[in-house]
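S.K.: In case you want the letters, here they are:
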Amino acid sequence: MVTSLSLGEISHALGGEVVGSPHTRVEKVGTLENADERCIAFLTQDRFVRDLQKTRAGAVILGAAHRDATALPRIVCRNPHAYFARVSAILHPVTSVAPGVHPSATVDPSATLGNDISVGAHAVIGRQASIGAGAIIGAHCFVGEGTAIGAGARLWPGVVIYHDCHIGARCILHAGVVIGADGFGNAWEQGADGGRWIKVPQVGRALIGDDVEIGANTTIDRGAIDDTVIEAGVRLDNLIMIAHNVHVGAHTAIAACTGIAGSTRIGRYCRIGGAVGIAGHLSIADNVEISGKTLITKSITQAGTYSGGYPFEEARSWRRNAVQIRHLDDLVKQVKQLEKRLAQLERKDR
Amino acid sequence: MVTSLSLGEISHALGGEVVGSPHTRVEKVGTLENADERCIAFLTQDRFVRDLQKTRAGAVILGAAHRDATALPRIVCRNPHAYFARVSAILHPVTSVAPGVHPSATVDPSATLGNDISVGAHAVIGRQASIGAGAIIGAHCFVGEGTAIGAGARLWPGVVIYHDCHIGARCILHAGVVIGADGFGNAWEQGADGGRWIKVPQVGRALIGDDVEIGANTTIDRGAIDDTVIEAGVRLDNLIMIAHNVHVGAHTAIAACTGIAGSTRIGRYCRIGGAVGIAGHLSIADNVEISGKTLITKSITQAGTYSGGYPFEEARSWRRNAVQIRHLDDLVKQVKQLEKRLAQLERKDR
Amino acid sequence: MVTSLSLGEISHALGGEVVGSPHTRVEKVGTLENADERCIAFLTQDRFVRDLQKTRAGAVILGAAHRDATALPRIVCRNPHAYFARVSAILHPVTSVAPGVHPSATVDPSATLGNDISVGAHAVIGRQASIGAGAIIGAHCFVGEGTAIGAGARLWPGVVIYHDCHIGARCILHAGVVIGADGFGNAWEQGADGGRWIKVPQVGRALIGDDVEIGANTTIDRGAIDDTVIEAGVRLDNLIMIAHNVHVGAHTAIAACTGIAGSTRIGRYCRIGGAVGIAGHLSIADNVEISGKTLITKSITQAGTYSGGYPFEEARSWRRNAVQIRHLDDLVKQVKQLEKRLAQLERKDR
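Just so you know, the protein sequences line up as chains A, B and C, in that order.
The working numbering puts the first sequence at residues 18 to 367.
The working numbering puts the second sequence at residues 18 to 367.
The working numbering puts the third sequence at residues 18 to 367.
There may be inaccurate statements among the hints.
For identical chains, the list gives no copy identity; a pair is met inside one copy or between any two copies.
As the list claims (entries may be wrong) - Derived lysine-lysine pairs resembling DSS-like cross-links, with alpha carbons at most 30 Å apart:
| # | residue 1 | residue 2 |
| --- | --- | --- |
| 1 | Lys71 | Lys350 |
| 2 | Lys216 | Lys45 |
| 3 | Lys315 | Lys71 |
| 4 | Lys216 | Lys353 |
| 5 | Lys357 | Lys315 |
| 6 | Lys71 | Lys216 |
| 7 | Lys357 | Lys216 |
| 8 | Lys350 | Lys315 |
| 9 | Lys45 | Lys315 |
| 10 | Lys315 | Lys353 |
| 11 | Lys216 | Lys350 |
| 12 | Lys45 | Lys71 |
| 13 | Lys357 | Lys71 |
| 14 | Lys353 | Lys365 |
| 15 | Lys365 | Lys350 |
| 16 | Lys45 | Lys365 |
| 17 | Lys71 | Lys353 |
| 18 | Lys45 | Lys357 |
| 19 | Lys71 | Lys365 |
| 20 | Lys216 | Lys365 |
| 21 | Lys315 | Lys365 |
Keep in mind that the hints were calculated from the coordinates and are not lab data.
Since the model is a prediction, treat every value here as computed from it, not as a measurement.
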């Protein structure tokens, strides 16, 4: 069954101004590049106006600045990207799941199950766990003892939440996410035989706020003593590592492959690129933006954009340039010497 | 039961020239270093000739250039590494799996199952999914609604494939692989309270070509609107992140821990090292080689080798040199000034 | 039921000297910052003495140097961190698990099960596998054919161990760990159509020593021909990649997101930071420390600390400085030229 909406129906629901026929009907979203006449596409940036002019979309969503950049039926609105997200959510509702507890699931009798939940095949819900109303627990998920899953949360298949953790309302956790595993806590004990690591029990929890989305195979460790905390509205991409006792402020977004070491505090509204590494016990201010692959070794106290990626080049010239980094301090000293000698000559010359 | 083959039998099946007794029998593969007389080993590079001379292997595979580098029974062939791979596949057949659908598996009645498939314990096959002939679905795998698995594909335990995806024939997906999770699509909506991220539904698919191998815990997100595409013959190592709408060209190989951001297009026959980061919306030409840990921030239009790793050194000298990078632009200006002042003195002196 | 211990009982069990009332009772561990009077906290470094003076903990563990830094009841000992770890293990015993084999688990009749084991819901134990006495196999774990799990080992939910591997006694493997997947072994075969990768069968094993802990979603590949080896007492954090035929020496600790390429040998007692990349076929000496995000491209033969992170800065200055790296070799040449010209002037001047 295909959902179809007219532009008039859309603007009635979501606001914005229809330019062109409000009876234009669309069935699905598309990119300007690949849309057909059943699609509604969107434009956010000037550089895509060329695509707009060639698009075969049936309708488009755009801002006031591009109001006249096309003759297609269109919706003019303040934030085309967010507007498009909402239209897409209506046209493409999330696949429904079977309600109820799948007969193959293993639910401890002491667990609390809210109304209208779905527990998938072979899922395991531990002792004293609680699943909020409307939550969807995917196949093969594991919800540990005493853990609470908020109302309307969705765990895709194969998510593991250890004991005593908390997942907020409406959170989305993708496959392979692991929440609440032990942090990397080890005490070194010297010994006659050379010594060994003693495991430091990780007795804190991992607490995830409301409306957080966490990408596939990302891991968030439980706290060592106090808790690891992810505040509301945070967005985490795939394969991210959040170590024990990290605190991520509300509405911060972190791209894939980034790692944050223990006890670091990230502010609110930060935007952190992919493959960033942030050392432990640091504090990052609100509204900080960090470029991809940057290594952060000191606290950042001011909002702003920070970078630290090494520039790539052809291997041959890279070999020539990179090797000189190992002599950079010497080069600086050499230049200082030249400066001195030159100044001396200049004095004589005067 | 041990398979054993004579060099004559091997060369009959795979070509190459036997030097020494064709009746020499081997049971398994070995490294030059650790092989015993039941083993067949191989040599590809000059630097291992020393190992060849000390090996206790029963036979070796090598190229014409090394034909006389040993007195052992041997097979001389064009590509010893590929030849060895084929011999190993014969001597070490993949562990057989129980045919049929394990009684503990959950297979939706609307799914299509090919001949001679194996579905492991506790696996879940969703509505309208299809499993090609001879495919092996490991224990705890999840195949989402409408997803098609190609003939002869092998999913090791714990693989998750979301809905509406396609996995090509003879693909090998290792444990923990996640295909088709939502891409990192978020629209920022400013608000009186500071604002929040609106989820952009991810309605594209992830399409994996034939003969692709994907390493453990690697994630490939579904497209936002159009599809994410991995072409035939691609090799992906472990813990790789392929973001939404990335396109990876045929026969490209990517080493572990690499991340490729959204909508980037990678060419065919590329070789990308480990822990590489490639920014979004870029285009990388065919036959590009990228060294490990390089950050790619611009499109690459020419085949060639590209690098960008920062050279390591002892921490003490690293501290001295790295700090100077923060003054590199000043140093360049200082040298320009010296150049000017020196030229002035020289002019006077002339 | 709350465990409670007096300082006298603790020192009786673990040594150390009680200063203040030995009858002081504690129920749980706490940080100096957040402890209440039921907690015992610990101090290791001078910089936390300020926290010590403000703490509301009921008791603290500290070294002789800080013996008089507080008036609280306290235990003075040689290694407060390790002592604290042991106290925490007593006050916070690991959650007990149901003994026996869960009825939903799938255990091959040919598997060997030790005494007092626990096999969780939906776990799969393969043919000829063996589970040592007291081992805990979590829900959804997969233990492959012929694999041996040591006595007292704990696999958290969703761990996958391929066939013919060995996990030592008392190992702890966190959720999503994959041991023994195929290494990234591919032989390139040129062809009229451009060529393709031939899979090199991975016939070695992955052998994990006793008392190893492995973090969530970390992957350790099996060997190509010989084995991949992790020696006793090693600590691996989350999302680490250990490639085929790597050898990690005893008691080495590796932080999250680090990748070690094939056949590299890491010494004993090394401490490797997060997001480090170590190229293949290298050898790293014992007692080597490597800072986070360092790329190691050559063997390290001397104990010591090695670094190679690019320093971050504000994006604006980063853009100015980083671009100059691409001209660093030219700058060095330019400085050499200046040096020559200046020397000539100086000679004339003399």
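S.K.: Tell me, which hint numbers fail for this structure?
M.R.: The structure breaks hints 1, 4, 5, 7, 9, 11, 13, 16, 17, 18, 19, 20 and 21; every other hint is satisfied.
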